[in-house]
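Asks: Chains as they are written, first to last, in the working numbering: chain A, 1 to 383; chain B, 384 to 708; chain C, 709 to 1062.
Treat the hints with care, since some could be wrong.
[Stated by the list, open to error] DSS-like cross-link-like pairs, simulated, lysine-lysine; straight-line CA separation at most 25 Å:
#1 C:Lys991 with C:Lys1058
#2 B:Lys618 with C:Lys805
#3 C:Lys814 with B:Lys618
#4 B:Lys386 with A:Lys34
#5 C:Lys805 with B:Lys518
#6 A:Lys25 with A:Lys101
#7 B:Lys618 with C:Lys848
#8 B:Lys671 with A:Lys40
#9 C:Lys1058 with C:Lys1018
#10 C:Lys745 with B:Lys518
#11 C:Lys745 with C:Lys1018
#12 C:Lys848 with C:Lys814
#13 B:Lys424 with B:Lys671
Hints are computed from structural coordinates only; laboratory data are not their basis.
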Amino acid sequence: MSDELTLTRPAAPAAGTGEPLLEVKGLTKHFPIKGGFPIKRTVGAVQAVDGVDMSVLAGESFGLVGESGCGKSTTGRLLTRLLEPTGGTINYRGQDITHAKRKQLAPIRSEIQMIFQDPYSSLNPRQTVGKIISGPMEINGINPPGGREKRVQELLEIVGLNPEHYNRFPHEFSGGQRQRIGVARALALEPKLIVADEPVSALDVSIQAQVVNLLQQVQRDMGIAFVFIAHDLAVVRHFSQRVAVMYLGKIVEVGDRESIYNRPRHPYTHALLSAVPEAVLRDEDETEGRERIRLAGDVPSPISPPSGCRFRTRCWKAQDKCATEAPPLVQIEGNTPGHLTACHFPEEGTTGGGREVVLDPGLVAMEHRDTGSAGAAGSGKES
Amino acid sequence: MFKFLIRRSVGAFVILILISAFTFAMFFAIPQDPALLACGKNCTPQNLAIIHENLGLDKPITAQYWEFMKGIVAGRDFAVGHCDAPCFGVSFNDDRFVWDTIIDRLPLTLSLTVGGLVIFLTLGLGAGMIAARNKGTFIDKAFSSASLVLSSMQIYFLGPIVLGLLVYSTGWLSSPKYVPITENPAAWFVGLLIPWFVMSLIFTANYTRMSRSTLIEQLQEDHVRTAKAKGMSEKYVFFRYAWRGSLTPIVTILGIDLGALLGGAIVTELTFSLAGVGRLAVESVLYKDLPLTMGVMLVSAAFILLCNLVVDAVYGFIDPRVRLS
Amino acid sequence: MTTLTKTEGAPSPTGAGSFLSVRDLHVRFSTEDGIVKAVNNLSFEVERGKTLGIVGESGSGKSVTNLAILGLHNPRSTEITGEIVLDGQELTGASEKTMEGLRGNKMAMIFQDPLTALSPYYTIGRQIGEPFRKHTGASKREARERAIEMLEKVGIPHPKTRVDDYPHQFSGGMRQRAMIAMALVCDPDLLIADEPTTALDVTVQAQILDLLKDLQQEFGSAIIFITHDLGVIADVADDIMVMYGGRAVERGTTGEVLRAPQHPYTWGLLSSMPRLGGDVSQKLRPIEGTPPSLLNPPSGCPFHPRCEFKDKVPGGVSCAGDRPLLPEGRGAACHLTPEQKRTYFIEQIKPRLG
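Kindly produce the complete structure, drawing on both the sequences and the hints.
Replies: Laid out in structure tokens, this is it:
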């Protein structure tokens, strides 16, 4: 706890040097559930984030992928301290900000910014664009040379909007343009780290690319580190140098882009990748296709997650050990350094081979009927 | 759901205790000696002393409160005789037991409020439905503007006009009066017709607007479109899907409006010179009859809390998401 | 292959041969701001057992078209002209009674968000059984039996008990399965799926897509699959129609459209989405600008304000002035010559796709 000390604004870091900007250990967030009878009390907790270890290097882009309910958005909000962590530590450039108070955070607030998913609800409709973007400067008492208005106009230009639109209101802009305003606001304080929570998923495909490119340009030109949270695996791959895959509040696999997408070891990463529909058609002469893994059911409830390995209830490799012992997130044999996997029985590091794993009982039944082969429904098949 | 209702009942009970304590405190917060109020104009010190003893005012406040609460549960003895439970004390004015007076007046107020409730729900929801189904047409516009005008018509303003029109000048109806339903149902009905309508008019107008807007909202819902896409008839979709969905917000507002309804009953009783609990409340305040004021207040609070419990139960009945969580 | 790709010798343009034929469809809404021209000059056909994928972004008219087929637009504010012929039956002028008899029976629809598309007030079983009772006259018990059978078919575990659950007791993926069960309960010949997997997680999406494909094999229905996701389309569709600004701009078989797209908008869509196997050093190439307003659609080609090839059109043809027509069968509504379309794609677009 750092109750007594006020955090100081550290000296300017060397961008892209690979020194850790943000270090997170055992980060946990449990949302209590009230209930019980006859008197209401805390009867359980939604274990939204449960022991996440990660680090973000200066100037790098770190991707966080996973399905709904995996805790990626909660993690983002914990990192920016919009939520109070239940446990664990968050270190920002060597300073513990885990439970830092509002006042203590002030010098650091400006260095960590957030971009939200919904460009419609994250901008105050009663404020002009100029006011929205200069808001963070006002709050933090920053007076850039040339004045705030000039700075706002510069920012508008950087994000590809007309600086003359200073006095317009958010409703006069399209969804993509609004997201640009959100980016300009995040850039206003020259942050070192931006947490972007699903920044493009509310946008149309053609507009998505505009915003992704803008973020990429900002990241490279200004050396800003990004935590890029999204459910779209292809977008995350495009944007992030390192990627962490989350499942039910835990990181199940983390590594550089190449390792995660081409040599994944965790069965869940395999399942996730194989489920992404691809617009590229396989050529006829290509014999080895992608894997086809069809999990059964949805993600279990984070209120009572499975014991041991949380993925085991949907995993085709699960054994008794998986129920009793939670696998640690470690570098398993055959992984490159920095590629960590939390699995007792990891997969081969390949995504090809045209392997089929079908666990979904509906599909199993139907496919057995189609092919006329017998087999217990729900047991899955592997070929 | 059952647990939820029990919890709410317990909560309601606690609130009642708090209200009783509050009203009781009010009794003593008045700068005047309550006994002086009871004593009347020709008050001799002897009379005052007797009243003090009778009312137990010589005892500490907490003891008095305990006596009062015990009286509600178990009955109590006064100089005028034994007062059966629930005993709310003796009126200063006529030495009658408060509960007896309330019981005398209650049927009228219940008839008025329940009847008014039935009328404004039927007319309001009905008109709202017609307006929503004919959205944008002349009917809709007529209903909407009428309800806008009517929602500003106060009972004390409308009452005399209706009386003048339907009773004094045309003679179609006789002056409103209360005949117990057990005596003559027809006379009960005819006698309350004018008060019912006058009282429920504002509510009718408000519920017309509300049910219209919630229905129009519901008609835009995805599940209504799904029902249409399944080939269900327009009527079926309207009633089984849209209308069903519009009930939840209406019930919510209804729970809040029950207190207003009771207030409406007071004004109505005064306007039409009907001797109900509402009028009793006003009289008790005018005559500074504190035991009566307290009794009326507690009984109406209990009534409102009971109604809210019913609303909670209705919630569970209409919405499985409430029932099953 | 469907009749979308028919050659010169194909049946008459009224599409008498195909199961669903839409000819020259226009849909207009009157709003406070003016007339919204949501769908213009749209013609397409779908055959039994085949899947037509309609791709487009918001405001492209893809959903409006399909609500028009089902007759779900408010007749007071909507003007629909053109022909919609389902199995020989004309739908545009059909009475409400006729449409009711067809909806949920001969043609059914699956919506995007299964949470809001199912009523919270009735059990899953009742909602699945409703159209079955209405269209077959089955009893309550028979409808329940049928609902259980359908739930089992779509892979809901313990259908006998889950049939009495309410939608909020189902997970997202199960709700969409229930939605599919509801759409298929009367063995429809035409199934319209409007972004059925957009609200779902990717692993669940994969399950649902496979399920739809398997069910189509079993039921033999024609499917219109609406989505903004070219990856999903590649997975499920036999034919593709690309829509932009209320018009069809390109169509062909899935192989044709994805392997050799001809319209600059399709090129833009393909090069603006990153893909799993793509080259990460390659920048995404978004389509500049924003989709057109349907209140005031651009003159000529609806895509010309955003098109990077509009200056390449030869022979005094103006993209802003003359609207290019979409040919019957395989083709794109674009003034570029076939030769240009081929070379631009191969030389400029394909390298971007990585």
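Asks: Could you run down the list of hints and mark each one as holding or not?
Replies: Status of the hints after comparison with the structure:
A distance of roughly 13 Å separates the Cα atoms of Lys991 (chain C) and Lys1058 (chain C); the hinted pair therefore holds under the 25 Å criterion. Our distance criterion of 25 Å between C-alpha atoms is met by Lys618 (chain B) and Lys805 (chain C), whose separation comes to about 12 Å. At roughly 21 Å between alpha-carbon atoms, Lys814 (chain C) and Lys618 (chain B) fall within 25 Å of each other, so this suggested pair holds. Taking the CA atoms of Lys386 (chain B) and Lys34 (chain A), the gap is near 14 Å; set against the 25 Å cutoff, the hint holds.
At most 25 Å may separate the alpha-carbon atoms for a hinted pair to count; Lys805 (chain C) and Lys518 (chain B) meet this at roughly 21 Å. Restraint check for Lys25 (chain A) and Lys101 (chain A): satisfied, since their Cα atoms lie roughly 19 Å apart, inside the 25 Å limit. Distance check on the hinted pair: Lys618 (chain B) and Lys848 (chain C) sit about 20 Å apart at the alpha-carbon level, within 25 Å; holds. As the CA atoms of Lys671 (chain B) and Lys40 (chain A) are separated by approximately 42 Å, the hinted pair breaks the 25 Å bound.
A hinted pair counts as satisfied when its Cα atoms are at most 25 Å apart, and Lys1058 (chain C) with Lys1018 (chain C) qualifies at roughly 19 Å. Straight-line distance between C-alpha atoms of Lys745 (chain C) and Lys518 (chain B) comes to about 23 Å, which keeps the hinted pair within the 25 Å bound. Our distance criterion of 25 Å between C-alpha atoms is met by Lys745 (chain C) and Lys1018 (chain C), whose separation comes to about 23 Å. The hinted pair formed by Lys848 (chain C) and Lys814 (chain C) meets the criterion: a straight-line CA distance of about 21 Å does not exceed 25 Å.
The straight-line distance between the Cα atoms of Lys424 (chain B) and Lys671 (chain B) is roughly 13 Å, inside the 25 Å bound, and the hint therefore holds.
Violated hint for the displayed structure: number 8, the only one.
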